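Trainee: Residue strings, one per chain:
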Amino acid sequence: MKKALNLFALIALFSIAVFADVPRPDNSKNQKSVSTTMMIHLKEDAKEAKLVIPRSQLQQLRAQLDELDKGSDNTAAVVSNGGITRTQTIVSGLFLSMAIVFGGIWFVRSGRKASKTAKIAAIAVLLLGTGSIATLVLANAGPPPEARSITGKMFTQAVHIYGFGSGQIKLEVTNEDRQYIDLIVPDPKTSPSPEE
Amino acid sequence: MQEIRVARTYLTSAQVFLIAFVTSCALAAAVIGSFPLQMSIATIFLFAGVHNFMEFRYFAARMPVRWGRSTAYYSMGISGVVVLAAAYLTLYFSSGNWLWSINDWTMLTAGWNTVFILWIGVLFYLRGRQKPKSDWSWAFPVVLLLAALAWIIPQYWSLSLVYLHPLIALWFLERQIRRTKPEWLKAYHYALASIPIFLLVLWTTLARQQNLPEDTNLFWRITQHAGSEILPGISSHLLVATHVFLETIHYFVWILLLPLVDFRAIPWKLDKIPLFANRNGFPKLLAAALVVSLLLVAALWLGFGINYTTTRDVYFAFAMAHVLAEFPFLIKML
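Going down the list, the sequences are from chains A and B.
Residues 1 to 196 in the working numbering are what the first sequence lists, from first letter to last.
Residues 1 to 334 in the working numbering are what the second sequence lists, from first letter to last.
Some, not all, of what chain A presents toward chain B, calculated at C-beta under 7 Å: (1) T85; (2) G103; (3) W106.
Using C-beta positions, here's what the derived DEER-type ranges look like: (4) A:S110 x B:T23: 39 to 47 Å; (5) B:P213 x A:K43: 36 to 44 Å; (6) B:N307 x A:F155: 37 to 45 Å; (7) A:E44 x B:S158: 42 to 50 Å; (8) B:S95 x A:K43: 42 to 50 Å; (9) B:H189 x A:S110: 26 to 34 Å; (10) A:T36 x B:E229: 26 to 34 Å; (11) B:P232 x A:E44: 26 to 34 Å; (12) B:V291 x A:V108: 48 to 56 Å; (13) B:E229 x A:A124: 29 to 37 Å; (14) B:L302 x A:R148: 50 to 58 Å; (15) B:E183 x A:V108: 37 to 45 Å; (16) A:I105 x B:K269: 45 to 53 Å.
If you're looking for bench data, these hints aren't it; they were derived computationally from the structure.
As the structure is a prediction and not an experimental result, all values here were calculated from the model.
All C-beta atoms in this analysis are idealised placements derived from N, C-alpha and C, irrespective of residue type, glycine included.
Next comes chain A alone, as it looks inside the complex:
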């Protein structure tokens, strides 16, 4: 019985590695691209950001997509928001709650033995730990509004430190005969301050 159990454990252990044989996706297919030129226009009168794609280039892009679809490569369909998922938040919260509960139990149990200094140290660690977690929560706050909307302010030095920016945009297809993609970015004038 013991031998059978050991054999089963051994097989179970190495069966994990079987998945390692799953071939890696051929990323070379994804590297196909359409070469083009992009112009960025900052327009004071624009109300919303707009990406205008010439129909001719869209057709080239569609052809590429069709080719990808034939290869049954659906990796593009996998969407990741790049942030913290709901599962991560739930599991993390669960562990955090358990840490507090177990910490409390340990604190009460060791209360009789512990000296006053040790108690103060334990409370300080708890407060510092909670403070650290609170910092992490604040670190989740989004970047400033300039980096969360596509406007002319996105090109300022202040937004460069974030290394990215995002915002709503309208995609349009134009029939005009042009060889470039046009990104129209609203660039409203800042209203003068009362002192000016």
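Model the placement of chain B on the given structure of chain A, informed by the hints.
Mentor: Frame of chain A; chain B shown alone:
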């Protein structure tokens, strides 16, 4: 009658150790800060395999022939190393397969991290049970807090392991000095205190350096390993230099300093290994394991010579086993 006295200053072995340690660190910091990529390639080529052999040799010397009341502890330790290493390799070599999305990958990695942390918590608990007068149940809230962090900031968690692992060797050395060379302990603590100073010097010097080139796959892997993607606001020159500096100290401790303070860790002194010398030991098995380890070191050098980048990737994947193996032995020494 006049007496002539010659005043002589003698350096104790502890002082020589301290001077040698600080001088070596200063030299290493200067060279690594100037040539981080080159030094990363050179140190891994030269020392990675050798330090793994020395670690294995050290752990073999510390393993008792009969586990006695530590049976539960060693069983948990060894099974944890085997299962976690197998799972890690599975995750590593399966990465990028079409079955798993990015979210699946994140969940599986966080799951592995959780099991790893809980395993360490259990080891602490089991070790604490062997010390009747102490209460080590504080390990549970601590590991649960760490598990929460591993889920909420998985990328920083993984990066912290990269930077904290080299420091574990310093902890081993501290415990070993306490046991076999206590006269060096004070000097060693001064030596330890010098490391943050070297790091501060490196950081202030390199903070404004341009990012290192990533035009080859190898350079990209080195900078990525040091966290350039996770910490894009920090110069990759600084990150790689810091990582290589800490790794070099780690190699230095395992290859040179631990055998220096513990004669049982000198590779050829097999009679100091209980598993080899004891009547109830396994001399043939241990000798074979040591020979295989030496062959693996040679194979690693050969691999680096043929294809450095691929061998480096494969090495770091398998190197997780030695990172895991350090924990049971370290906790046992506490």
